[in-house]
Each structure stands twice: as structure tokens, then as C-alpha cells.
Amino acid sequence: MMIFEKMGFCGDLDFFPAPLKEVELKVVASQNQIEPDSVVDDDYSDKEIDVNEPNFDVHDQFYLLSLYSMVFNEMAEILLTAVISKSAEIAEYLLSQEGRCLYWLKEDIEWLQREARHIQAYLGDANEKVVGGDLRVKNLIKDIEELAGDMEDILDEFPRKIESRKSKGALGCLKELACIFCHIRVSKKFSMEIEKIKRRVNEINHVRTTFGITDTSNINNNQREYIPMDRGRLFLHADETEVIGLDDDFNMLQAKLLDQDLPYGVISIVGMPGMGKTTLAKKLCKHVYHHFECSAMVYVSQQPILGEIFLDIGKQVGLKEEERKDNLENNLRSFLKRKRYVILLDDIWSVEFWDDLKLILPKFDSKTRGKIIITTRNSNIGRYIGGNCSLHVLEPLDSEKSVALFTNRIFTSDNNYWENASSDLENIGKKIVERCDGIPLAIVLIAGMLRARERTEHAWNSVLETMGQNIQDKCDNILSVSYNDLPPALRPCFLYFGLFPEDHEIPASDVTNMWIAEKFIVASTDNRREVEDIAEDFLNDLVSRNLIQVSRRTFQGRIASCRIHDLLHSLCISLARGSNFFLTKGNTQGDLGSVTRLRRLGFYSGGVDEFFSSCPKPKKLRALLYFSEDNYPFSLKTHLNIKLLRVLSMHIPGSNSQRPVSIPEGIANLSCLGYLKFWGPNFVGPMPRSIVKFKHLLTLDIEWTNLRIPFDVMEMKQLRHLRISQFVQPIYMSAVPVFSSVNVLLPNLQTLIGMDVCYLKAGWLHQLTNLRKLSLNINKNSIVELLSTPHVAILPKLEVLKLKSLLQDYQHDEQINFSYDKLRKLSLSYMDMKIVDSEALPANLVKLSLRNVQLDTDHITMTKKMPKLKILKLRNCWLPFGESKLDLSASGSYSFLQLEVLHIIGQNTWEVTADELAAPKLKKIFVSHAPNIRLSDRLAMLST
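Yeah, the sequence shown ends on 2250 if you go by my numbering, and it's all consecutive.
Some clues are possibly wrong.
[To be verified] Here are the in silico distance ranges between beta carbons for each label pair:
(1) Pro2237 - Glu2206: 17 to 27 Å
(2) Asp2018 - Gln1560: 31 to 41 Å
(3) Lys2229 - Asp1839: 28 to 38 Å
(4) Lys1645 - Asp1567: 17 to 27 Å
(5) His1597 - Ser1728: 45 to 55 Å
It is worth saying that the hints were derived from the structure and are not from the lab.
Glycine included, each C-beta is placed from N, C-alpha and C at the ideal position.
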């Protein structure tokens, strides 16, 4: 506490998040030692900062003050941005939905929007005064944060109350009269709340004038209004396992890994955060896996879910699905005993995890020859698992390698490197690199930030000055600089990643649809782009700034899933906890007083009931995310009365042996929900019919559950993404004829996954004018016939089409025609279809997947002629009786002109051949679980 008293903090340490109090506010005893949470040197002992120490200088004080102001300023900025966007939306709502009844309130709404912009304009100056040492401004910023939160609450409550009152009126004239009176009551209360806000604004304006805080919007106008640029496209195909400066480490480890006499079969890559352990391990695993029969890469993290990790390993090494469902541990152990395998275990934090995991691993000997790669911050863990000889400690990069990494990241699309830069700019760049202390993550983050700026001495100098002279906690200062460089609109999107568990692979559609549900991103009326496209640009921007890492990409190069580095994850939690943006379970102690204003909660290992019973009710909660194996996540009936909740995501892997979880009727209280997802086999039974009353629900995802939906969902016109369980029939009504009374009103629907066509009328497809992704289970011809007539005005925006027959002997005798202009991916499973004309297939198709389909001559001939086909995937397909050769050779002037990837899966006895003219751009051939496939010499060279 002494440090803060000397700096003028008067003992008020509680404003700092716990991780900052316990970790960030530590320094190492000497320049070469490593921070406490990155233990490599076993003799290391941490030491609290003392302002009398020579290592503590004015830059450390500036850094702490910057953290202080950032924590308090952050939530105010985020809330004001939300108020501005929601004001515009509600003003439009008043005009379009309520007409003249509530038009007079538009003036109040517009005043809120103007005032939010005005306050936002002088927050920057307030922040600078706090950093400059004027701690009186602290209370002002806190008042602004509370004011902005109350403004957002009013804007969220108002439409909800109008809608709830409207539904309670009687029929006919009585209903109209009741509606008028309800409007008057709600509007009067709304106006009274606005008057209270106006008085508080006047008080804040008086205080900020007294402190000399001025409008800085003209100076920082580029930060006020963020228009996402699609700069992420520039880096879509960057090599994400590129290792710069670690070539010697890579070569040494590769030779070690392939050594049959490696003791214990383990390599332990050890180093502090940000040193490139994961990047190096991934590249190593990808370069040697062809020397093994099977491989797997899994993330462990601080709170590993053992069952999930076993299942993940089983899937990746090729354990059969039925063997993964029952007796997984024994089946996996038996499987690995017979195989030569390599498994990467990334980010291990405890020896206890290894003690549990090694029970399924065969005991290492010369016969099994299995290899394990681990990454960890703690050399003791590496030593415990693989012995002293397994350790490989990563050291900071030297000056030359640091500059090389920086140069590679700055000039990604410029081959001239420094040739076109001035000598002054090059010198500034070298000074920036020097202050990164050889930490690869720090270099990459700074480069990502500079890449978004002008390449001038002034722009780079401004970054150099904010970095200070001495980075006490290595990356922490640079992380803060990178975060502060984000436009206000991007900051809540970045912080949202802290709600997910550490090292969690996050589907891109999940996080972007959560942003949309929370209204972080709102498409303006004059913007023709879909809000999902804008959200994708936001995500690409975070990736291009190196704040978010891409895990997987789609066939089109778009981000399929992503993750966040653990250091940046910790930064998100620290900032969010200090500003009430969110809390995570395990980080809630000492915050009971602020729970009532809490916006978001994340739970990684149960404990929801305990939290809600010991804390005040979080009435202002907007998002609740739950990730745990505990199949009783919380007493749903008790905690489902959070009326402003917009995002609810429950992730329970579970197993069939656990008790089921049903969804209670009380979910109807969550009328503001915009995003609802349940994941896990233990979610069973019908979804309450009351969900159809959710007027704001944009995403409903129960794809990986055993839940069933009411068919009335097909009338939720605002719905944009609907993913139905593929394990159970989606409708729980009594009989199909009942559905004839349902009008399908889904003009905004973009995603429809898992629908069984026995409940889908062919004519309904005409209503899905915005659909981009469609996945259907087929058991009748009428739907296929309609889909085969794209000249009819249906599905004009369709990009992905997946059809799976529920009948093993399904056959469609008529000529099919899937020539949709925008269709990029087509997947057909268990379907025998007639294709005799190349024009029947989409001209712009990029990926074609065929599963359990006979590959007759017509199929092969037609696919050879597809002009843009890049990926062909054949799973459990077969050739006509008596044939054993799949010939890709050229037929005339056409033969897979753009094909880059061929993937063959299944127990087939084929010979695959191709002449020199066929598939000239073919780069890779993947053969999985197909030991009897024979490849011609040319193709064998491309096989992996």
C-alpha cells in the first residue's frame, strides 16, 4: 500500500483489479529476470515495487497512472458509445413502430444522443489530466461512468416496457385505448427519467468546467467515428505458424523429436508469456506429423476440462465415433498403444493435470515410440513430465532477430522493406524494437499497431513516447499501448474475448453475433451492408492488429474460429473487472458492492448458484456465459429473471451418464434476449413455446443439444440465425397437418441449419430471401425439385448448401440444377443424384463435398469442368461396380483447372491417377483412414 500513498492515491487501492494488485504491480529484481507468472528460473522470488528502489522511476509512475485512468475511463467510453448507437435505433423505432403516438419523445432521445457525444468528446482530456497527476478528476470520471450506465439502462428499458404493455390490452377498440394509456404512462415516466439525467449532466458540466476539462473531439476526431476497413483481408493467407528468430530452436527440437532414443518421449518448451512457445510448438508438430501414424494438438490452460481434452485427442488421432462415446479413456489408451503418435499439449499449468492425463497414455518404451510436446511457463512442470533433458528454454530474441521480426510484420506486403523509408524512421523503429526487450509478442503487437498508422516519423515517435524508457513487466506496457490505440467502437469487442475461458477456441460467428445482440455494432439505415459483414470487419481488424489469433479459416479464407493469447486474456479480465464491464467466476471477491451495476458474467467451472446466493442480484446484467462440465449449471427457475439480459450462452460438454437439463418456462422473463445458445447432449426436451415472444432474438443455436423447438419459431421475423438440433426431430407438436396454419415469416434469416424437410413446405423457401447458409435433412423430392430450379426467384443470396438424405437408399431420378450465382460451397450426403450437364453445377463453386455417394462417370466429368473449384472432398464414396480407378486426367481442355486440395476419406480400394495436364494448381492431397488408396507418382508427391 505504501507505493500508492506516496503517489497520492491515499490508500485507495480498490479501484485496481485484483490481477493488477497481485501481478501487474510487481517488478523483477533485475533486467534479465522473469515475471512471477512466467516462472522459468527456479530460484526466482518476486519483489514488491518500492518507489525508493532505483528501478522505480517516473515512467513506472506514469504507467501506473495510465492504468488507473484507463480502468476508470474505459467503461464510460464504452457505455457512451452504446448510448449513441441505441439512441439512433430507438429514434428510428419511434417513427416506424409507434408513429405519432410517441413522436414527441424523439426530441428527448436526440438530446441523449447529442449529450453522449458531447461527454465522449471531453473524456480524452479528462484522461490526460488524470495521467498528468490531477487525481480530483477520478471522481468525475466515475460519475460519468454511472451516468452513462443509467442512460443505457433507460434506453434498454423503454422499448421493453412499451412492448410489454401493448401485449396486455384487450381486443379491438379496448386494446387500442389500453395501448394509448400505456404509452402515456410509460412516456411520462421516461420523460421524468430524462429530466433527472439532465440535472446530473448539468452538475457534471459544472465540475468539468471547474477542472478546465475541454472538448478534444477536433483533435482526436479519427477516434470518434470508427469505420471498419477490411484490412484483415490483406492478411487472410498469412502463414500463421511462421517462426522468425527461432530457426535454431526449431531445427534443434525437430531433430530431438525424431530421435527414437528421446528419454520419456517428451519435449518441454519452456518460457515466459509472449516468447512464442505455442507458435514454435505448432510449427514443429505440423512439420513432423507425417513421420507418425496419428497426431493431435490440444490446449490445456489453467482450468482444463479433462473429459473435453480426452475427447479432443480421440477425435484428432482417429478414434472411431462409437469408441469415443463409451469407455473413452480405455479405448483411447488401447488405440495409442498400437500407434506411433505425436501429441502437443499447449500451456500446461499443473503437474496434477499430467498425472490424470498419463493414465490414458501408454508407458513410453521403444515399441510405442509415441512423442509428447508440451509448452509451459514453469520449468518444474516440464522437468516433472519429461525430466531435465526434455527442457528447452526460450530466451528473448537478440537485436538482429528482433529487428527481423519487426520488419517482417511491418512490411508484410512491401518487398522493399526499409529501402523506401527515411533513416530517421528506421532509427525510430529500432528504438521501438529495443524497448520490446526481445519479446516476440511485444514486437508483433507494436508492429500491428504501427501498421494501422501512417509510416511517418511523427506517428512512430508518438508510439515510442508512450512506451516509456523501461518496461518493468515486459509486455504489460505494450499491451496497454496496443489496447489504447483501438478506436472506442472496437474496445468492447476486444474485451468480450475475456468472457471466454483461457485458450478456448471461439467460433467467429459466436462472438460476432454476441456483439450484434449487445448492439456494439448497429447497421445504419443508409448502410446497405449487413451488420454481420460489419462485425466480420471488426474481427478482421482485431486480427490485423495482432490482438486476436486465427485458429481456423473457412474454404474462402474467412475466419472460422479464433483465440486470444493468455496475456491479452488477462488484460481483458483486468480492465473489465476494474470497469464493471464483466466479471469471471474466481475474480468476484471484494466486488459485492458493484455487482448491482455489473454488465456481464462469465463462469468457467460452475459456482453460479453460489455467486447469486451470496451477491446482490445483478439487475443490469446484459450477458451470461457458462462453460463447465457441471450439468446442473444453476437453478434456472431462480436466476432467469434478469430482464435486460441480451446474451445467454450455456456450454456443458457432459456425457450421457449425467442427468438431463431441461429449459424451464421462466426463460420467458428474458424478453430482451438477442442471442441464445445451448451446447451439450444433456440439454433435452422441448424449448418453452414462450420463446416465440422474444422480439429481439437474432440468434437461436441449439444445434449440438437434444432440445426441440416449437414450430412457431418460423414466424419470428427478426430472427437471423437458426441452428436446430440434428440429433432429434425439431418439432414437438402433435402432427404435421397442424403446421399448415403457420406462416413462415423469416425475411431476415441468414442461417438455417438442421431443419428436417418433412416439416418444411417447399413454398416456404420463397420467404427466405436473405438466406446465406442452408442445411437440410432430405427425405422427399419436392424440396430437391424446388432447389433444382434456381431460375425461380428463391434463395438469391445462398452461399452454402448442405443436403443430407435421411434415407440410405434415397435416389432422385430427375436432373438436378444447383446453379445459384452466389453458391460457393455444396455438400451432398447419402444422395444419388443425376448430373448430366455441367451447367447444373454452380459456376462459382469453390468447395464440393460428397459423402456416401457413388462417383459415376458423369459425376467425375462434370466436376472436372467446374471453373473455380479449389477444394474437393470425397468421404466414404465408392466407384461403380467393377471399377477401381479414379482418373483425374484431362478431358479435352478441362480438368480441375483451379483445384488446390483433394481430400479422400474412407476404407476404399482405389487407384487415383492424373496426367500432367490435370489439376495444374494442385498443392495438397489428404488421405485419411484410407490405407488401401494408391496414388500415382505425381500425386504421391503431394500427399500428406
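Evaluated hints:
1. Checked against the hint of 17 to 27 Å, the C-beta distance between Pro2237 and Glu2206 comes to roughly 25 Å, which is consistent with it.
2. Between Asp2018 and Gln1560, the C-beta spacing of about 58 Å breaks the proposed range 31 to 41 Å.
3. Checking the proposed 28 to 38 Å range against Lys2229 and Asp1839 shows it holds: the Cβ atoms sit about 29 Å from each other.
4. Checking the proposed 17 to 27 Å range against Lys1645 and Asp1567 shows it holds: the Cβ atoms sit about 19 Å from each other.
5. Our hint of 45 to 55 Å for His1597 and Ser1728 holds, since their Cβ atoms are close to 48 Å apart.
Violated hints amount to a single one, hint 2; each of the other numbered hints is respected by the structure.
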